[in-house]
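Chains as they are written, first to last, in UniProt numbering: chain A, 1 to 344; chain B, 1 to 579.
Treat the hints as calculated values from the structure; they're not laboratory data.
Yeah, the Cβ is synthetic: ideal placement off N, Cα and C, and Gly gets one too.
Be careful, since some hints might not be right.
[Claimed, not checked] Some but not every residue of chain B turned toward chain A, in silico, with C-beta under 10 angstroms: (1) Leu-258; (2) Val-260; (3) Leu-402; (4) Val-409; (5) Ala-498; (6) Gly-503; (7) Tyr-523; (8) Thr-533; (9) Val-542; (10) Phe-546.
[Claimed, not checked] These stretches of chain A come out as covered by chain B in the derived footprint (C-beta under 8 angstroms, 3 or more residues): (11) 141-151; (12) 252-260; (13) 300-307.
Chain residues, written in single-letter form:
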Amino acid sequence: MSRWQYFLRRLVLSIPVLIFGTTITFVILRMGPLDPVSAILGPTGSPQAYNEIERNLGLNQPLWAQYVDFMVDLFTFNLGQSWVLNPDTSAYELILIFAPRTIWLGFWSVLIALFVGIPLGFYAGLNPNSLSDYVASFGGIVWRAMPNFWLAVILVGALGLGGPLGAAWIELGTRTTVIGPPNLGFLSEPLTLVTDPGSSWENLLVAIKKIAPAAIVLGSASMGNEMRIGRTAVLETINSNYVETARAKGVPRRSIVWKHVFRNALIPLVPIITGEAFLLIGGSVIVETVFGINGLGYLFFQSIVNSDLPLTGSLMFVFIVLLVSINILQDFLYTVIDPRVGYD
Amino acid sequence: MSDASPLSEDAPLAERVRANPRPGLLWALGLFAFVAVEFGALATAITGPVPWNVLYELPAGLVGGATVTSVASVVVLVSTIVCGAVGFYVQSKTNTLRAGAAGTLALLVGVGVAASIGGVLLYAFVALGLLAGLGLLAGGYTRDSPRAMVFGVVVLVVGLIGLESVVSFPTLLTRELFPNQGHRLPGGGWEGPFLGLSPALAWAFRVVLVYAYAFGLLWWCWRGYRTFRQHYRYADWTPRDDMIDRLSGHYWGLFGFLVVFMFVTMAVFAPPLGPTTVEQNINNPYSYQIEYLTDSGAVESITAGDANIGSSSAGNPDRNVGVMQYDDFGRFHPFGTLVSGKDMFTFMAAGARVSLFIGLLSIGVAGLIATGLALVTAYYKGLADLIVVITSDSIQSLPRLLLIILMSVVFAGTGIAKVYSGGLLLALIFAATSWPFLWRAVRGPAFQIAEQEWIDAARSFGQAPHKTMQKHMAPYILGYLLVYGSLSLGGIIIATAALSFLGLGIQPPTPEWGRAVNLGRSYIATVSWHISTIPGILVVIVVTGFNAFGDGIRDAIDPQSEGGSDAADEGVAAAGGGG
Numbered sequence: 001m002s003r004w005q006y007f008l009r010r011l012v013l014s015i016p017v018l019i020f021g022t023t024i025t026f027v028i029l030r031m032g033p034l035d036p037v038s039a040i041l042g043p044t045g046s047p048q049a050y051n052e053i054e055r056n057l058g059l060n061q062p063l064w065a066q067y068v069d070f071m072v073d074l075f076t077f078n079l080g081q082s083w084v085l086n087p088d089t090s091a092y093e094l095i096l097i098f099a100p101r102t103i104w105l106g107f108w109s110v111l112i113a114l115f116v117g118i119p120l121g122f123y124a125g126l127n128p129n130s131l132s133d134y135v136a137s138f139g140g141i142v143w144r145a146m147p148n149f150w151l152a153v154i155l156v157g158a159l160g161l162g163g164p165l166g167a168a169w170i171e172l173g174t175r176t177t178v179i180g181p182p183n184l185g186f187l188s189e190p191l192t193l194v195t196d197p198g199s200s201w202e203n204l205l206v207a208i209k210k211i212a213p214a215a216i217v218l219g220s221a222s223m224g225n226e227m228r229i230g231r232t233a234v235l236e237t238i239n240s241n242y243v244e245t246a247r248a249k250g251v252p253r254r255s256i257v258w259k260h261v262f263r264n265a266l267i268p269l270v271p272i273i274t275g276e277a278f279l280l281i282g283g284s285v286i287v288e289t290v291f292g293i294n295g296l297g298y299l300f301f302q303s304i305v306n307s308d309l310p311l312t313g314s315l316m317f318v319f320i321v322l323l324v325s326i327n328i329l330q331d332f333l334y335t336v337i338d339p340r341v342g343y344d
Numbered sequence: 001m002s003d004a005s006p007l008s009e010d011a012p013l014a015e016r017v018r019a020n021p022r023p024g025l026l027w028a029l030g031l032f033a034f035v036a037v038e039f040g041a042l043a044t045a046i047t048g049p050v051p052w053n054v055l056y057e058l059p060a061g062l063v064g065g066a067t068v069t070s071v072a073s074v075v076v077l078v079s080t081i082v083c084g085a086v087g088f089y090v091q092s093k094t095n096t097l098r099a100g101a102a103g104t105l106a107l108l109v110g111v112g113v114a115a116s117i118g119g120v121l122l123y124a125f126v127a128l129g130l131l132a133g134l135g136l137l138a139g140g141y142t143r144d145s146p147r148a149m150v151f152g153v154v155v156l157v158v159g160l161i162g163l164e165s166v167v168s169f170p171t172l173l174t175r176e177l178f179p180n181q182g183h184r185l186p187g188g189g190w191e192g193p194f195l196g197l198s199p200a201l202a203w204a205f206r207v208v209l210v211y212a213y214a215f216g217l218l219w220w221c222w223r224g225y226r227t228f229r230q231h232y233r234y235a236d237w238t239p240r241d242d243m244i245d246r247l248s249g250h251y252w253g254l255f256g257f258l259v260v261f262m263f264v265t266m267a268v269f270a271p272p273l274g275p276t277t278v279e280q281n282i283n284n285p286y287s288y289q290i291e292y293l294t295d296s297g298a299v300e301s302i303t304a305g306d307a308n309i310g311s312s313s314a315g316n317p318d319r320n321v322g323v324m325q326y327d328d329f330g331r332f333h334p335f336g337t338l339v340s341g342k343d344m345f346t347f348m349a350a351g352a353r354v355s356l357f358i359g360l361l362s363i364g365v366a367g368l369i370a371t372g373l374a375l376v377t378a379y380y381k382g383l384a385d386l387i388v389v390i391t392s393d394s395i396q397s398l399p400r401l402l403l404i405i406l407m408s409v410v411f412a413g414t415g416i417a418k419v420y421s422g423g424l425l426l427a428l429i430f431a432a433t434s435w436p437f438l439w440r441a442v443r444g445p446a447f448q449i450a451e452q453e454w455i456d457a458a459r460s461f462g463q464a465p466h467k468t469m470q471k472h473m474a475p476y477i478l479g480y481l482l483v484y485g486s487l488s489l490g491g492i493i494i495a496t497a498a499l500s501f502l503g504l505g506i507q508p509p510t511p512e513w514g515r516a517v518n519l520g521r522s523y524i525a526t527v528s529w530h531i532s533t534i535p536g537i538l539v540v541i542v543v544t545g546f547n548a549f550g551d552g553i554r555d556a557i558d559p560q561s562e563g564g565s566d567a568a569d570e571g572v573a574a575a576g577g578g579g
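So that you can see chain B by itself, here it is in the shape it has in the complex (with noise of 0.2 angstroms):
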């Protein structure tokens, strides 16, 4: 800590911050800055998912649909506002959550059908739900209670969606600020674009926005570490600051997480990134008119479908729209179009989208059941150990790809293989077939920590061995579970793409890049060349990345493995060969 302030060891955060708030007040605007301007666009991220009609809509069509006159809808408001109102009396006075709970419910309830009703009433009515969530944000933070904090923001991000289900929130990086799609002029230039740009350029523009913001925010919470570490925390030095140093001079890994960050960042915007929609570009391109110049000079308007159908590449040189070209209706393609016309960048960002979902979620899944097991089997020995290496070795000897392949096929046909067009199904395959190897990685690192001495004093101490496994054991095999997590990523990303390939896994209209790599086959030889080779080659950087960040964080955690002096370790990183 910089100031010499008389805060004693273990006081908490908040009241670091308050006896120093300048640095922290001065990141916290900046990154208040850096969410407003994406606030719709975060805000709609959230929202989306969740199955507005059944929560809201269906209901407030029962009690009396969307007439501010219906005696129901306002018997209904005017009851949540009063139990949202009592509930937070009562947490307020006796601090107890459950009543703030049904707090929340109310408000819910009441967003619910102040949306349906609509009018000044709403307005009001969300103003008090964000009230109420600032209060309790606010009483939470003066009486240090991390729950009611907590809490306060759950009610807060309740009313903001609220408020987003009915006021769009201005978000900077969409196509319609900045619109790449137009038509050439029939005096030359171009209507539509941005700024009156061409297409590409307008386009271009927009993607370096977006990287461009992307990378702002990374630094943004980088400085929020740096300012943390210097104003905030007690301790000069922890162990993790070297590891941290040791990354940042890490080239090799830094490339890697690099790359990382950039698939990311295109999965996470692919909106906005692609040259057009999803849902113009695949899924619904008959709904969309689409304004062109036609060489007689005339401004024409024609379907999304039908100028796909004019622009395909399908390897004849009459018939190509290859990398960086513009077809016959005035539209850019980086990557150039799919054998059916589709704009191919689109698809590859929405692909990365699916791709990291399941990558993501299969490790996320797996790293669970790992470390789970990894602590209990540490912890316990003996026969629970012998169970389980029994139930992973066998899991491990069966050929993984087959495996997967097999159960992709036995499960197509069940409800859960149509959530996101099988990409649960597959994120939850592999899950089940990657954690015996996340856990043979951390199994030595946990028997490690079990032999401590302050596991022993625990247990003496009678500490539940729940708590001891999560207090004193799992901190220390998460790191390895990170580079672990990271090189198995890549193999993921390479077999989804692989079952793709095979025609199992995601199933159409949900781009795949594996799939682009089987559209493409038949061109591979001839000007549509970029069908196959523009996939395979992201994937190739992306598990490259991906293996690169994983070795950096390998030996950040671990310095003696530095420079890859452990023969051992070096076959873990994601290979091709599956897939």
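Here chain A stands alone, though its shape is the one from the complex (with noise of 0.2 angstroms):
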């Protein structure tokens, strides 16, 4: 099989997962014990009001009828409206509220783990059984096992007001405090970054400084995964026999790290950093909740807790795709960096 009939293949296979996924949300909310007409009533509601909100929600129809409604307004992207949270206000403009804030975290979190981790992790493997190696090994370790909530919790103690550096971070640069979401005016409008410099600079530097804390949790589990696989990709390069040939050869030590070491070291690392999104999202609930920061995860948290079905499914399906999407990106870059796939 060809590289490209396999990823073909991949293209294919993630349709029924696509579908299945979907359905399985369903299932779990329309035929759990969820009863979201309690929830929009509240506890003093009279049976009359009760079956007229069972009847305009479409709760009375039949299951299989439910089923298709629900399949077919997501697949063609009719996300339906916030019944308890934000009634009568539709998912897409939840979205696209709560959204920025969310993929401005992510942004960080992934460029630090990225940035922090995948150098330290090669430098100990350049390095291996040094000191430097051990302490990059160990801490990576340690600081994977790390749970993102106990982690936030000790940053925002750390950092937040009366902690022990708490008046250095909160007066750094322009004062800002731990908690709470960062404001994002500015991307609304990227051209003032040029036309107005001043201001808008400022704006985006406390943007930063304020998702830092946040970016920093959110980023570490992965940080210590790439970390721990970019060492044992490179030992495993580095000890490999074309490095050997190379080494022997008279190639410069320089250009063998840049050029064999360095490139082939990077393929297991593709799973790890596309993976990472699955991290963000689930750790994003926990970190968003903790932070304050109005973003997805903590639209999504609120919505499942006040058994807002449709818009738990709207984002859950947003999720999947999401997820999906970059399941299907490692898969294109796997078979454009990695030529022996798709050949077994």
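Join the two chains, each given in its own frame, into one complex according to the hints.
Listed below in structure tokens is the structure:
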């Protein structure tokens, strides 16, 4: 099988996965014991009102009809409205309001993870069994085992008001608190970065400072992962025969490291980097809750706790689409980077 | 085998032991001693979850209650004895298990009735039951029928449980034997704690004893393995010996094993380890009185609940009981107190139990599903494989933590969520979401095994597929399952804590580590920092331990990966990212 056929097959296989995943969500939401009508009505509703709401929401229809509606709506990107959390607001609007903060948070955590984890791992792999290797490896292992929620609580405590580093952090640059959403107003008009550099660059820096502790927490687990795998991958390639050969031929160390080791060591990192999306989406619920960032994770948590079924379903669908496309991207990267893929 | 006995290769273990009984007997005696000193706790642990009330107290009440003179109960008792005796007689004659089962049932009813009657009859009856069990065991042993032996053990346990329900067995490691609660005397010194030591020392003494016992038992089990290997195994060498040798030279893996073992000990011995009991500390603090020395020099008594209010850790130097401190009521708190003034070490030890229960149950269920599916897909391949691939891919394509949050909210109101404060529900949710990962991990090895010639041979031999899978395939993938199970256990502990942190999952009053982190959130930058910090550090240590242990087993079963040379395998360890 050629690599493109392999990629195409992965592409086709992702369609049933998408359908299955959405179906699982439907089964949990609609066939589970949740009662959205009571959630809307509150404890003091009359049976008439109950029936009325049930009819309005279409919950009195047979389950298969609900299922067909649910699937058709989602796959035509008709994401529906919120019932409980923000009644009569469409899920689109809510996502548009809440998503930028999550994207901002995710962007910086991926950046931190990539630009700290991989270099550290490569450094440790290039200097194996030295003291700095042991420090980096052990640090990575412990860092990876730290639960996000705990790390977030510790950081909020250390950097917040009254914390040991609180004063220094809050007064650093522009005054900000640790808890609360970043102000991303400047993003709506990116041109101001050029036209009005004075205030907009400051806004940018404030937004980065504001998100930094949360991004460190969210990026931490994958940072440890990337470090460990980067180290192993470098060790693996540096001990392989072709590197030996290159060294015997007198290729300078610098070009061995950059041309032979670095590129090949990146291959096993691809699934780890794309797999970060899972950690980011899952972890954002907790990190956003602790740091008080009103992002998608927070929205999801609130919608499920308040049994806002359509919003929960829509968010779940968005996340599934996101993750499946990231998986496809991963396979694409694989077929591009690693010519061996698909030949077995 | 060390001695030159003429036993054939396939002589059963029983015969080998009989040929050279000394080392085995010695080891069994030692094990008996280890079990005997803790038998009370063991029996309580076994009998605790059994609904005795429904089993015998209710029927006993129906047939006549607690009066010995009641004719009905005597009739029931006598008839059950007859039933049991006949059952065992038939069993010994015809060697059918069914008669034995009837006998056991009769025994069970008899024990129940006897327990409700009480008195001398009861002891006679229980002794009878024990004798019957012993007889069965011995009979099975001599006739070399393992089923009968297992059966005898079951009957023995039933008899012992019956005994336990009326007579309390001695337990060595109890807080009653080594108390650490007491009050200061006006003239200095302590009244109450073990040997008049300070509560801190008395508690430390008990902890050291518990861990010494646990490590002693571990060492004895290891000795048992060595004895078996040296005296009773036919083969001089098996591949498993190499695995164990590799593991015992793998310091990172040993460190992991040590941490895991200490964590398990903490969970198993949670009641004697805590400075106070869960019942007194968390569930019913107002039903217990404690004595303490007031500032004026008098000894007064106060309820544990009121004392808790007086010893809360609320971030204020005046209102804080930190790590290794005494509160105002002469109680020692190794990890300090919670915001509510409850002892945190007791909370943590009981929380370890919950975490371990959830972790083991979910990994067990997920492992069963994964093994079953791996065997079936590797054996039949084709369509079966494709269906499972798509199903597992779909579950894996859902964001896992969100799915877990979703399910734990959706099913929070159901009856299953009431078992163990939601522990069972969480375990099932984790099992439902984590089997695809385990299945992915063992799918490769299972396919490799399915390609082997002996599988083909078994198939052409006409062996039933399920037999082939069970006998020739399953043993080879169990090692991999152990590795991935150990690695995902850490992740489950983190996820459980994360859910409790969010207020989902384990509900109060059942302790959970994540909830302690949540309770202490606002005090992290104050003198009461311990409330949030200690549970987190413990999670990190335990999860690191499980990861290290998994690494160790992986290097042991697959020496080619030693030194972690396979980058693709590195990513499986539990990461805190999801929680």
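- [ ] With a cut-off of 10 angstroms on the beta carbons, see whether B:Val-409 makes it to chain A.
- [x] 5 angstroms, holds
Task: Coverage criterion applied to the segment 252-260 of chain A (partner chain B; beta-carbon cut 8 angstroms; 3 residues) - done: It is violated: at least three residues are needed, and the segment 252-260 of chain A offers just 0 whose Cβ sits closer than 8 angstroms to chain B.
- [ ] Have a go at the B:Phe-546 hint: is there a Cβ in chain A nearer than 10 angstroms to its own Cβ?
- [x] 9 angstroms, holds
Task: Per-residue hint verdict: B:Ala-498, partner chain A, C-beta under 10 angstroms - done: Interface hint status for B:Ala-498: holds (5 angstroms vs cutoff 10 angstroms).
Open item on the list: Quick check on B:Leu-402 please, does its C-beta sit within 10 angstroms of some C-beta on chain A?
Closed with: 6 angstroms, holds
TODO: Verify the interface restraint on B:Gly-503: the C-beta must sit less than 10 angstroms from at least one C-beta of chain A.
DONE: OK, holds: B:Gly-503 within 10 angstroms of chain A, min 9 angstroms.
Open item on the list: Quick check on the hint: B:Val-260 CB to chain A CB, less than 10 angstroms?
Closed with: 13 angstroms, violated
- [ ] Using 10 angstroms as the Cβ threshold, decide whether B:Tyr-523 counts as touching chain A.
- [x] Where the cut-off is 10 angstroms and the nearest Cβ of chain A is about 8 angstroms from B:Tyr-523, the hint holds.
TODO: Closer than 8 angstroms, Cβ to Cβ, for at least three residues: run that test on the segment 300-307 of chain A against chain B and report holds or violated.
DONE: Coverage by chain B holds here, the residue count being 5 at a Cβ distance below 8 angstroms.
Open item on the list: Taking beta carbons only, do three or more residues of the segment 141-151 of chain A come closer than 8 angstroms to chain B?
Closed with: holds (count 10)
Open item on the list: Quick check on the hint: B:Val-542 CB to chain A CB, less than 10 angstroms?
Closed with: 8 angstroms, holds
Task: Interface hint for B:Thr-533, Cβ within 10 angstroms of any Cβ on chain A - done: Because about 7 angstroms separates B:Thr-533 from the closest Cβ in chain A, which is inside the 10 angstroms limit, the hint holds.
Against the hints set out earlier in the document, violations occur for numbers 1, 2, 12.
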